[in-house]
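Asks: Residue numbers (this note's numbering), protein chains in the order written: chain A, 1 to 273; chain B, 1 to 316; chain C, 1 to 318.
Simulated from the structure, these hints should not be mistaken for laboratory data. Using N, Cα and C, we set each Cβ at its ideal position, and we do this for glycine too. Don't take each hint at face value.
[Claimed, not checked] Just a sample of chain C residues kept apart from chain B, beta carbon distances all over 10 Å, derived:
{"id": "1", "residue": "Arg64"}
{"id": "2", "residue": "Tyr130"}
{"id": "3", "residue": "Lys179"}
[Unchecked claim] Below are the DSS-like pairs computed for lysine-lysine, each with C-alpha atoms no more than 25 Å apart in a straight line:
{"id": "4", "chain 1": "C", "residue 1": "Lys123", "chain 2": "B", "residue 2": "Lys87"}
{"id": "5", "chain 1": "B", "residue 1": "Lys170", "chain 2": "B", "residue 2": "Lys106"}
{"id": "6", "chain 1": "B", "residue 1": "Lys194", "chain 2": "B", "residue 2": "Lys215"}
{"id": "7", "chain 1": "B", "residue 1": "Lys86", "chain 2": "C", "residue 2": "Lys209"}
{"id": "8", "chain 1": "B", "residue 1": "Lys86", "chain 2": "C", "residue 2": "Lys229"}
{"id": "9", "chain 1": "B", "residue 1": "Lys194", "chain 2": "B", "residue 2": "Lys170"}
{"id": "10", "chain 1": "B", "residue 1": "Lys70", "chain 2": "B", "residue 2": "Lys121"}
{"id": "11", "chain 1": "B", "residue 1": "Lys201", "chain 2": "B", "residue 2": "Lys87"}
{"id": "12", "chain 1": "B", "residue 1": "Lys121", "chain 2": "C", "residue 2": "Lys229"}
{"id": "13", "chain 1": "C", "residue 1": "Lys79", "chain 2": "B", "residue 2": "Lys80"}
{"id": "14", "chain 1": "C", "residue 1": "Lys229", "chain 2": "B", "residue 2": "Lys104"}
{"id": "15", "chain 1": "B", "residue 1": "Lys170", "chain 2": "B", "residue 2": "Lys64"}
{"id": "16", "chain 1": "B", "residue 1": "Lys80", "chain 2": "C", "residue 2": "Lys209"}
{"id": "17", "chain 1": "C", "residue 1": "Lys10", "chain 2": "B", "residue 2": "Lys80"}
{"id": "18", "chain 1": "B", "residue 1": "Lys300", "chain 2": "B", "residue 2": "Lys64"}
{"id": "19", "chain 1": "C", "residue 1": "Lys79", "chain 2": "B", "residue 2": "Lys104"}
{"id": "20", "chain 1": "C", "residue 1": "Lys229", "chain 2": "B", "residue 2": "Lys119"}
{"id": "21", "chain 1": "B", "residue 1": "Lys106", "chain 2": "B", "residue 2": "Lys122"}
{"id": "22", "chain 1": "C", "residue 1": "Lys209", "chain 2": "B", "residue 2": "Lys13"}
{"id": "23", "chain 1": "C", "residue 1": "Lys124", "chain 2": "B", "residue 2": "Lys80"}
{"id": "24", "chain 1": "C", "residue 1": "Lys123", "chain 2": "B", "residue 2": "Lys13"}
{"id": "25", "chain 1": "B", "residue 1": "Lys141", "chain 2": "C", "residue 2": "Lys229"}
{"id": "26", "chain 1": "B", "residue 1": "Lys86", "chain 2": "B", "residue 2": "Lys13"}
{"id": "27", "chain 1": "B", "residue 1": "Lys119", "chain 2": "B", "residue 2": "Lys106"}
{"id": "28", "chain 1": "C", "residue 1": "Lys59", "chain 2": "C", "residue 2": "Lys79"}
{"id": "29", "chain 1": "B", "residue 1": "Lys28", "chain 2": "B", "residue 2": "Lys87"}
{"id": "30", "chain 1": "A", "residue 1": "Lys103", "chain 2": "C", "residue 2": "Lys10"}
{"id": "31", "chain 1": "B", "residue 1": "Lys106", "chain 2": "C", "residue 2": "Lys229"}
{"id": "32", "chain 1": "B", "residue 1": "Lys13", "chain 2": "C", "residue 2": "Lys124"}
{"id": "33", "chain 1": "B", "residue 1": "Lys300", "chain 2": "B", "residue 2": "Lys8"}
{"id": "34", "chain 1": "B", "residue 1": "Lys122", "chain 2": "C", "residue 2": "Lys124"}
{"id": "35", "chain 1": "C", "residue 1": "Lys209", "chain 2": "C", "residue 2": "Lys124"}
{"id": "36", "chain 1": "B", "residue 1": "Lys201", "chain 2": "B", "residue 2": "Lys215"}
{"id": "37", "chain 1": "C", "residue 1": "Lys209", "chain 2": "B", "residue 2": "Lys106"}
{"id": "38", "chain 1": "A", "residue 1": "Lys98", "chain 2": "C", "residue 2": "Lys10"}
{"id": "39", "chain 1": "C", "residue 1": "Lys229", "chain 2": "B", "residue 2": "Lys127"}
The residues making up each chain are set out below.
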Amino acid sequence: MKKNISLILGIILVFIIIGIWVLSFVHMPYNPNEMNISNRFLRPGFDSDYILGTDNFGRDILSRIMYGSRNVLLVALVSVTLGSLVGIFLGALAAILKGLTEKIIMRIMDGLMAFPGILLAMMLVAVLERGIKGSIAAISIFMVPVFSRLVYSMILDTENLLYIKAAKSYGSSKGQIFFKHYIPAMLPRLVTQFSSSMGSAVMIETSLSFLGLGIQPPFASWGLMLSEARQFFLVYPYLAVAPGIAIIITVLGFNLMGDGLNDILISRRSNDE
Amino acid sequence: MNNPVELKNLHIKAGNNTLVNNVSLTVKEGEIFGLVGESGSGKTLTAKAIIDLLPEGLTYTADKIITAGKDMLTASDEEKRDHIGKKIGYIPQNTVFYLHPLIKIKNQIGDGYIQHMHKTKKEALEKAEVLLSKVGFKSPKTVLNYYPWQLSGGMRQRCNIAMALMNDPKLIIADEPTTALDTTVQKQVMELFKSINEEMKLSILLISHDLGLVKRYSHSLGVMYAGQIVESGCTETVFNEPGHPYTRLLIKIIPSLKMKKNEPLTEIPGFVKDKDRDSKGCLFYCRCPKAMDICKEGVKEHTDDTGDHYYRCNLE
Amino acid sequence: MLSYVLDRLKSSILVLFVVSIITFFVLMIIPGNPAQLILGTDATPEAIAELSSAMGLDKPLYQRYLSWLLDLFKLDMGKSYVYGESVTTLIGRSIPVTFSISIFAMAMAVFIAFLFGMLSAIKKNSIIDYFSRSLMQLGTAIPSFWIGMVLIVYFGVRLKVLPVSGFVPIDRGFADFMKSIFLPSLVLAIGEVGTLLRIVRSSMLDSLKQDYMDMARVKGLSAGTIYIKYALRGALTAPLTIIGMQLAKLAGGTTVVETIFALPGLGRLVLTAVEHRDIVLLQGLVMFITSTVVIVTLIVDILVMFLNPRIKSFHRGE
Chain A
1 MKKNISLILG IILVFIIIGI WVLSFVHMPY NPNEMNISNR FLRPGFDSDY ILGTDNFGRD
61 ILSRIMYGSR NVLLVALVSV TLGSLVGIFL GALAAILKGL TEKIIMRIMD GLMAFPGILL
121 AMMLVAVLER GIKGSIAAIS IFMVPVFSRL VYSMILDTEN LLYIKAAKSY GSSKGQIFFK
181 HYIPAMLPRL VTQFSSSMGS AVMIETSLSF LGLGIQPPFA SWGLMLSEAR QFFLVYPYLA
241 VAPGIAIIIT VLGFNLMGDG LNDILISRRS NDE
Chain B
1 MNNPVELKNL HIKAGNNTLV NNVSLTVKEG EIFGLVGESG SGKTLTAKAI IDLLPEGLTY
61 TADKIITAGK DMLTASDEEK RDHIGKKIGY IPQNTVFYLH PLIKIKNQIG DGYIQHMHKT
121 KKEALEKAEV LLSKVGFKSP KTVLNYYPWQ LSGGMRQRCN IAMALMNDPK LIIADEPTTA
181 LDTTVQKQVM ELFKSINEEM KLSILLISHD LGLVKRYSHS LGVMYAGQIV ESGCTETVFN
241 EPGHPYTRLL IKIIPSLKMK KNEPLTEIPG FVKDKDRDSK GCLFYCRCPK AMDICKEGVK
301 EHTDDTGDHY YRCNLE
Chain C
1 MLSYVLDRLK SSILVLFVVS IITFFVLMII PGNPAQLILG TDATPEAIAE LSSAMGLDKP
61 LYQRYLSWLL DLFKLDMGKS YVYGESVTTL IGRSIPVTFS ISIFAMAMAV FIAFLFGMLS
121 AIKKNSIIDY FSRSLMQLGT AIPSFWIGMV LIVYFGVRLK VLPVSGFVPI DRGFADFMKS
181 IFLPSLVLAI GEVGTLLRIV RSSMLDSLKQ DYMDMARVKG LSAGTIYIKY ALRGALTAPL
241 TIIGMQLAKL AGGTTVVETI FALPGLGRLV LTAVEHRDIV LLQGLVMFIT STVVIVTLIV
301 DILVMFLNPR IKSFHRGE
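Kindly produce the complete structure, drawing on both the sequences and the hints.
Replies: Here it is as structure tokens:
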């Protein structure tokens, strides 16, 4: 058996990020929001007091990266959880009840899928408040059609499997069948999708905060740090390095983990991707 | 002049597992040679080794491989590909996906001809039309404009045959060419092979699990079992004086029209061995009705005076 | 064939109808009176009431929806209060920018994805395959705003070979036009290439395993014919569908890139509309962008059907 490199690498990267996140509650070198104008634009270096340097307000970049991980992970985790729960519920409802319910739900999902990229999130942010709550709501709604379509098609696929037909003929209720038979059958794909969706959620959150539509200053968020760096990075390019790498590690970690899980749980063909 | 096909001591392995063990066979000029065996006996792999088409992960060794008159062991990959494309027509078992489903017949039937014979597309289509009517199409022009999926299985197989004949090959390798077809079409296709063989003096290596078919159409045959040739020779001789118990059993179970109603079809109990195919003992030992203790240790090979009839068995 | 096209057309219209409902009603929840937003906080209540009734805000929701929909058909999307211009004009002015970078980006992504996707499938587990697979992962994990900043520093500031902001219309010189869209398009292409490369690779791997490849090899065809005419031809359906989806996505998903490179495209309009809660402008933009998405998807689906005549009339393993 070939070792599943994607999964191992993915788990390592996700652990690094989670480690930083946990550490941010235990100890941060400086107060991430403390400004110190006399120390602005200190370059990074291991011999420096500020390993990753300081920004235009003299704030410690390392502390801000650590603090930012809280927001990114919180928004991603909460919104993917919410979005997947609602999505699973609606998808299952459509597939099991059929008829008009199915038509209405699936048409709404088609409609939501027609919003490209972050357009839906941006539109929702325009309606809701900017900040953590707005981002969570926007990303959750973005995730709903992804999960509902997945669950819907999986239920239709498994519906004709023998053991489910058998359960139906024994007179099990729809709810019982759903929890006893469909959920276990769908779990591998849902887990895989959850991991990859975490990756896209992180990407959307950072994009929104980069555009100034997510978490508001002075709080730290990776997207916002890059956005603030835009004015100065031509002179101080290091400002853009740390937040960029933090985002890449997080997204890459969740994506690789999703791919790796997909290999072992679903396709079992690790060399075919 | 070399024979169209000459194989000496071909071994095919997947890792350390031997799939084909010590196979030698010769297809003579102008003859139909039937290679018979159950599925898993290694007959298709043997054919694929001849045309350099073994699946990834399989390796082969041989003392001699002559394909359509050329020594394959000394040829470079490019020479091999070129030679096989020019001199050999290949007719597959499964008719569905050997023709590219998304390309019209006219755009795939002639590309080998255009490349190897340096012809124009127009000349290729003219030749294709001639061959398509030869294989029994009444309006070849229409067929050329079809996608493969618009044709029936029998029609597709006839297209495959016409395509195999494009370059006037010296040798046709037909791997279970009629298995996927119904009985009437099967007969048409086999008659077509027969007439091609007679008219064009073309050699055909016919691979089949159907001994009845091989008996009717081939001049010589080889019987394969668990990766070995257990008996070979002139078709008539083998059927009249079968030497190997396996051949005898096979001959006995050919279903015939003379069978009485309700007479049960006989079968050979057990399965083809798929491990330890390189052992010295007889591989048919477990299923052989006449197995003796010495069969576990080794097998005696018999060849008659003309050197044509060969079989391996400890029975005299 | 025709029934398939009609079927797709019908569902496309249905999707657009659903989108129009979502857009209209979601943007209705916006807190605050739009008339107040337009007139500002120091407007008199009378002025607000007057403008409200002029905008039809006092009518019931469904009536407002219907008249909005009707105007939409007449391509009248109202007037943006931020710009004071008609939304149609604003969109018309931004289209060249966004579509130029989207199309050029997809052209780059398609070229790279097909080149490396095919090579990596043909030479599976070779160095080029590992390179492609890394590209595939990194492409989807690198945020476009970050790679955009990196490219600006490198090409624009270090090498000083390319402009780092602004858009030059094509009628003011092709070379300058290309220079102005090159970096933004490259950033977009990097974002899309990973997904496409993955699909091309797996479709190619699948196609290479098919029986027709054996036949092509036995026929001794040249590598070009084998890989392009046979293997690639059998591997086009899925990548084409994805290209359509990506093109559609870029038509409305370029906000970030347009922001970094200061391009006056649709994405910038969306951002302005969101920042200033310019509902009329946002409604128009969303409807325009989603319509583009739906139409592009429809066209690609029909194109795929022509390339793949078996759809609806043939099932594998017949």
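Asks: Each hint should be assessed against the structure and marked as holding or not.
Replies: Against the structure, the hints come out as follows:
No beta-carbon of chain B is positioned within 10 Å of the beta-carbon of arginine 64 of chain C; the least distance is around 50 Å. No Cβ of chain B comes within 10 Å of the Cβ of tyrosine 130 of chain C; the nearest lies about 18 Å off, and the non-interface call holds. Annotated as non-interface, lysine 179 of chain C keeps its C-beta farther than 10 Å from every C-beta of chain B; the closest such distance is 40 Å. Taken as a hint, the lysine 123 of chain C and lysine 87 of chain B pair is broken in the structure, with Cα atoms around 28 Å apart against an allowance of 25 Å.
Restraint check for lysine 170 of chain B and lysine 106 of chain B: the C-alpha separation of about 23 Å stays at or below 25 Å, so the hint holds. Between lysine 194 of chain B and lysine 215 of chain B, the direct Cα distance comes to roughly 13 Å. Compliance with the 25 Å bound is thereby established for this hinted pair. A threshold of 25 Å between alpha carbons decides the hint, and for lysine 86 of chain B with lysine 209 of chain C the separation of about 23 Å falls inside it, so the pair holds. Between the alpha carbons of lysine 86 of chain B and lysine 229 of chain C the distance comes to roughly 19 Å, so the proposed pair stays at or under 25 Å and holds.
Taken as a hint, the lysine 194 of chain B and lysine 170 of chain B pair is honoured in the structure, with Cα atoms around 15 Å apart against an allowance of 25 Å. At most 25 Å may separate the alpha-carbon atoms for a hinted pair to count; lysine 70 of chain B and lysine 121 of chain B exceed this at roughly 28 Å. For the suggested pair lysine 201 of chain B and lysine 87 of chain B, the alpha carbons sit about 14 Å apart, so the restraint of at most 25 Å is met. Note on lysine 121 of chain B and lysine 229 of chain C: the hinted pairing holds, with a Cα-Cα distance of about 15 Å set against a maximum of 25 Å.
A hinted pair counts as satisfied when its Cα atoms are at most 25 Å apart, and lysine 79 of chain C with lysine 80 of chain B does not qualify at roughly 72 Å. Pair hint lysine 229 of chain C plus lysine 104 of chain B holds up; C-alpha atoms about 12 Å apart against a cutoff of 25 Å. A C-alpha spacing of about 19 Å is found between lysine 170 of chain B and lysine 64 of chain B, which places the hinted pair at or below 25 Å, so the restraint holds. Between lysine 80 of chain B and lysine 209 of chain C, the direct Cα distance comes to roughly 21 Å. Compliance with the 25 Å bound is thereby established for this hinted pair.
Between lysine 10 of chain C and lysine 80 of chain B the alpha-carbon distance is near 54 Å, which puts this suggested pair outside the 25 Å criterion. In summary, the hint linking lysine 300 of chain B to lysine 64 of chain B is supported, as the alpha carbons are separated by about 23 Å, within the 25 Å threshold. With a C-alpha separation of about 54 Å, the suggested pair lysine 79 of chain C and lysine 104 of chain B falls outside the 25 Å cut-off, and the hint is violated. Between lysine 229 of chain C and lysine 119 of chain B the alpha-carbon distance is near 18 Å, which keeps this suggested pair within the 25 Å criterion.
Pair hint lysine 106 of chain B plus lysine 122 of chain B holds up; C-alpha atoms about 10 Å apart against a cutoff of 25 Å. For the given pair, lysine 209 of chain C sits about 20 Å from lysine 13 of chain B by alpha-carbon distance, which is consistent with the 25 Å threshold. Of the supplied pair hints, the one linking lysine 124 of chain C and lysine 80 of chain B holds, its CA atoms being roughly 23 Å apart against a limit of 25 Å. Under the criterion of a C-alpha separation no larger than 25 Å, the hint pairing lysine 123 of chain C with lysine 13 of chain B is consistent with the structure, at around 23 Å.
About 22 Å separates the Cα atoms of lysine 141 of chain B and lysine 229 of chain C, which keeps this hinted pair within 25 Å; it holds. Straight-line distance between C-alpha atoms of lysine 86 of chain B and lysine 13 of chain B comes to about 28 Å, which puts the hinted pair past the 25 Å bound. Using a Cα cut-off of 25 Å, the hinted pair lysine 119 of chain B and lysine 106 of chain B holds, with the two alpha carbons roughly 15 Å apart. Restraint check for lysine 59 of chain C and lysine 79 of chain C: satisfied, since their Cα atoms lie roughly 19 Å apart, inside the 25 Å limit.
With a CA separation close to 15 Å, the supplied pair lysine 28 of chain B and lysine 87 of chain B stays within the 25 Å bound. Between the alpha carbons of lysine 103 of chain A and lysine 10 of chain C the distance comes to roughly 14 Å, so the proposed pair stays at or under 25 Å and holds. A hinted pair counts as satisfied when its Cα atoms are at most 25 Å apart, and lysine 106 of chain B with lysine 229 of chain C qualifies at roughly 13 Å. Only pairs whose Cα atoms come within 25 Å are accepted, and lysine 13 of chain B paired with lysine 124 of chain C is accepted, the gap being roughly 22 Å.
Between lysine 300 of chain B and lysine 8 of chain B the alpha-carbon distance is near 18 Å, which keeps this suggested pair within the 25 Å criterion. The suggested pairing of lysine 122 of chain B with lysine 124 of chain C is violated, with an alpha-carbon distance near 37 Å, which exceeds 25 Å. For the suggested pair lysine 209 of chain C and lysine 124 of chain C, the alpha carbons sit about 12 Å apart, so the restraint of at most 25 Å is met. For the given pair, lysine 201 of chain B sits about 20 Å from lysine 215 of chain B by alpha-carbon distance, which is consistent with the 25 Å threshold.
Between lysine 209 of chain C and lysine 106 of chain B the CA atoms are separated by roughly 23 Å; this keeps the pair inside 25 Å, and the hint holds. Between lysine 98 of chain A and lysine 10 of chain C the CA atoms are separated by roughly 21 Å; this keeps the pair inside 25 Å, and the hint holds. Distance hint between lysine 229 of chain C and lysine 127 of chain B is fulfilled; the C-alpha atoms sit about 21 Å from each other, no more than 25 Å.
In this structure, the hints that do not hold are numbers 4, 10, 13, 17, 19, 26 and 34, in rising order.
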